[in-house]
Structures are given as structure tokens and as C-alpha cells.
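There are 2 protein chains.
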Amino acid sequence: MADYILPLEQLIEQFARLPGVGRKTASRYALSLIDWSDESARTFAETILSARSRIGRCKICNNLCEGDTCAVCKDTSRDPIICVVEDARAVMSLERVRDYRGRYHVLGGVLSPMNGIGPDQLEIAGLLSRLNNEAIEEVIIATNPTVEGEATALYLQKLLRPLGIKVTRLAYGVPVGADLEYADAVTLFRALDGRREL
Amino acid sequence: MADYILPLEQLIEQFARLPGVGRKTASRYALSLIDWSDESARTFAETILSARSRIGRCKICNNLCEGDTCAVCKDTSRDPIICVVEDARAVMSLERVRDYRGRYHVLGGVLSPMNGIGPDQLEIAGLLSRLNNEAIEEVIIATNPTVEGEATALYLQKLLRPLGIKVTRLAYGVPVGADLEYADAVTLFRALDGRREL
Numbered sequence: 000m001a002d003y004i005l006p007l008e009q010l011i012e013q014f015a016r017l018p019g020v021g022r023k024t025a026s027r028y029a030l031s032l033i034d035w036s037d038e039s040a041r042t043f044a045e046t047i048l049s050a051r052s053r054i055g056r057c058k059i060c061n062n063l064c065e066g067d068t069c070a071v072c073k074d075t076s077r078d079p080i081i082c083v084v085e086d087a088r089a090v091m092s093l094e095r096v097r098d099y100r101g102r103y104h105v106l107g108g109v110l111s112p113m114n115g116i117g118p119d120q121l122e123i124a125g126l127l128s129r130l131n132n133e134a135i136e137e138v139i140i141a142t143n144p145t146v147e148g149e150a151t152a153l154y155l156q157k158l159l160r161p162l163g164i165k166v167t168r169l170a171y172g173v174p175v176g177a178d179l180e181y182a183d184a185v186t187l188f189r190a191l192d193g194r195r196e197l
Numbered sequence: 000m001a002d003y004i005l006p007l008e009q010l011i012e013q014f015a016r017l018p019g020v021g022r023k024t025a026s027r028y029a030l031s032l033i034d035w036s037d038e039s040a041r042t043f044a045e046t047i048l049s050a051r052s053r054i055g056r057c058k059i060c061n062n063l064c065e066g067d068t069c070a071v072c073k074d075t076s077r078d079p080i081i082c083v084v085e086d087a088r089a090v091m092s093l094e095r096v097r098d099y100r101g102r103y104h105v106l107g108g109v110l111s112p113m114n115g116i117g118p119d120q121l122e123i124a125g126l127l128s129r130l131n132n133e134a135i136e137e138v139i140i141a142t143n144p145t146v147e148g149e150a151t152a153l154y155l156q157k158l159l160r161p162l163g164i165k166v167t168r169l170a171y172g173v174p175v176g177a178d179l180e181y182a183d184a185v186t187l188f189r190a191l192d193g194r195r196e197l
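Which chain is which? The protein sequence lines are A and B, in order.
Note that numbering that gives the first Met the number 0 numbers the first sequence so that position 156 is 155, with each residue one more than the last.
Note that numbering that gives the first Met the number 0 numbers the second sequence so that position 28 is 27, with each residue one more than the last.
No wet-lab data here; the hints were simulated from the structure.
Glycine included, C-beta positions come from ideal geometry on N, C-alpha and C.
One or more hints might be untrue.
Claimed, not checked - Listing some non-contacts, in silico: residues in chain A with all C-beta distances to chain B over 10 angstroms: (1) 86; (2) 118; (3) 170.
Unchecked claim - DMTMM-like cross-link-like pairs, simulated, lysine to aspartate or glutamate; straight-line CA separation at most 20 angstroms: (4) 23(B) / 85(A); (5) 23(B) / 94(A); (6) 23(B) / 8(B).
What the hints assert, rightly or not - Chain B side only, calculated, beta carbon under 8 angstroms to chain A, not exhaustive: (7) 6; (8) 22; (9) 41; (10) 111.
Could you put together the complete structure from these sequences and hints?
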């Protein structure tokens, strides 16, 4: 007897494709789903298909959206600032900061030569054409503070400098609410380096 | 602007129904699924539906199976021992112990008066009728070592004693490979209590 019967095994394989889901977690999801009502399972399957068909990319900023333009790009009252981020998740996080009223541009990844991702695989051409057309005053580079995010920020900074637009980067430092004891040395160094007068 | 666009929000809600999945993990799954190819997403949705329709319960032991009888119950070479477990997951775990060649009976839960689960909600009648028909020599009660699992074991023990069949319970003790330092007092007490001569 195999560990699991075939249809269950297939379901586990599917769940195991989700990010961060190993075989054990996938089995847990699959066995739970088996106990759902027929209607619940059908809704789950249908939602997957309908989400896929209804969600597209904004033709201006490349963010996830319904239709061809996202709500931020449709909103003409937004400040002439573009915040450049790696993915749609970053947009959601920044939108929760109610104070930010600028626009976004989703790169769709970061430079990663090891994985064959160069500038052409990112939405950089679209960003340049927006900077030509939209009278933007500032570009905030908000890629993640990882090695690849940093490299991408550096690349964009060099690319945008000749355009004469103000280019900024998110501040580094200790996260609010954190304990200094647990901050790593690099973060603390950046926090000291970026200290501000009170 | 809401945190997420509607179809994405709906997908997140669906993922959040899986056990142990909060909103943040559900968003991660949903956003990853949006990036899958159309074919992958369709396979995922179809596997959910097909698993649901193909997987049923064994009419003998109540384990998950394709068709109406599971592979263990079909196997006539199995020892006349029944291991009573809470759910199908426990069967999978025990099947990995190659030494066990007995049969199973899946209760489909544990006694839990707080949640309205009494003996009638569990597959106990089926177990009793098997004990009448199958010439079983031993019943191993292998419900989980939780309060409810213990209560269920006690209930079954009392119920089965009049039948004159040997009823046993899985041994308690320190898990193999664990460090005594991290074992809780109750487990250590049980390990001492069940000590064996070498």
C-alpha cells in the first residue's frame, strides 16, 4: 500500500506547489479539504479559476488589477511621485500607510543574474516611458532590503540619474516596536548611519 | 482602495479556510497562484474536484479510499488485530511502521461533549459489528494522547471489556531521538511508569 491513495496523493502534490508548503502541510490541507462539503470544495475550485481569469496587470504600473487599469492609476488626485516596488504585495503594504498618496510601479521581480533575470525581464521600459509622460517629481525605490533588491535599486539609480528626477530610497533602521538586542549588526549600522537630529 | 481587489480577496478567503492558514499565509498562496500558468491553475482546481469525487470512505474500516473498500481491508493476509484510530492521517502514520500488519478502524474523531460529539457521532457501531464478525484477537486503541483521545480510549475500553477481547493502548514515553530536558513532566512520569527491564 502506498502512503496515500492516488487521488489524495495528487491533491497533496498540488498543495505542495504553494510557496513554503512541504509534504506534511500539503497532506494536512488535502485531508481537511476531503472533509469539506461538496459545495465548499466546488467554490474553492471555482474561485481559483475565476480569480485567474479576472485578475490581470495594470497597463500603466503593472500592478494586479481587474480590467486594464488599476485603482491607483485611475485616481488622478495621486501625487506625482512613483514608488518602485518588486511585486504587488509591496503595493498592498504601502497602501496601508495612509500617508502615502503617490503612485506605484511594479517591477515584477528583482535583478538576479543567477536566475537569468536581467533588466529586460523587469518592467523597466514601462517605468522610463512613464517618467517621460507623467511629469513625475520623485521616484522612491522601495525594492526589498536584500542583496538582489539592493542591486536592483543601484541599477535603477544609475539609470534614472541622467533624467534629472529626484531618486530616493526607503530609510533603513530598526523596525518600530523591535528590541535592539535582536537587531542584526548590519541593520544597527544602517540605523546609526542614518540617525536624525531630534 | 480596499487592501486587495475583489477576485484576489475572494481567493484569499478560500485559502484562509485551510487549517492553520491565516490571512497573511492565504495572501501569499493566492498571490503565488496568480503567477502560475493557466494550465497549472486549471490542474489545481480540477484535482480538487476530482479528489473529492473519487475519495470515499471504506465501508468496513471507515478509512479514506477509492471505491468502497480500502486496500488494507481487501488484504486478507492482515493479522486479526484492529488498531482503532481517530482519523485517516493516523492510518498513514501507522502504515509507515512496516512491522504492523494488522487492520484499522477509523473513528472519524474523538468524544468531545463540548463540541457535541458523543459516541453516536463516531464510527463505534461499525467497530462492534466487526468484532462480532471478524474473529479479532486484539484491539489496539491508538487515539491521540490528548485529553479527548484519552477519554475516548477509556470509553472504548469499558465498552469492549465485556466482549472478552484483548484491549491494549499504545505505550507512552519519551519519543525516540528526543532530549529528556525538553520532555514535559507528564510524559516523563509515564515513561518512568512504563519502564521495562533490559
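Indices of hints not satisfied (ascending): 1, 8 and 10
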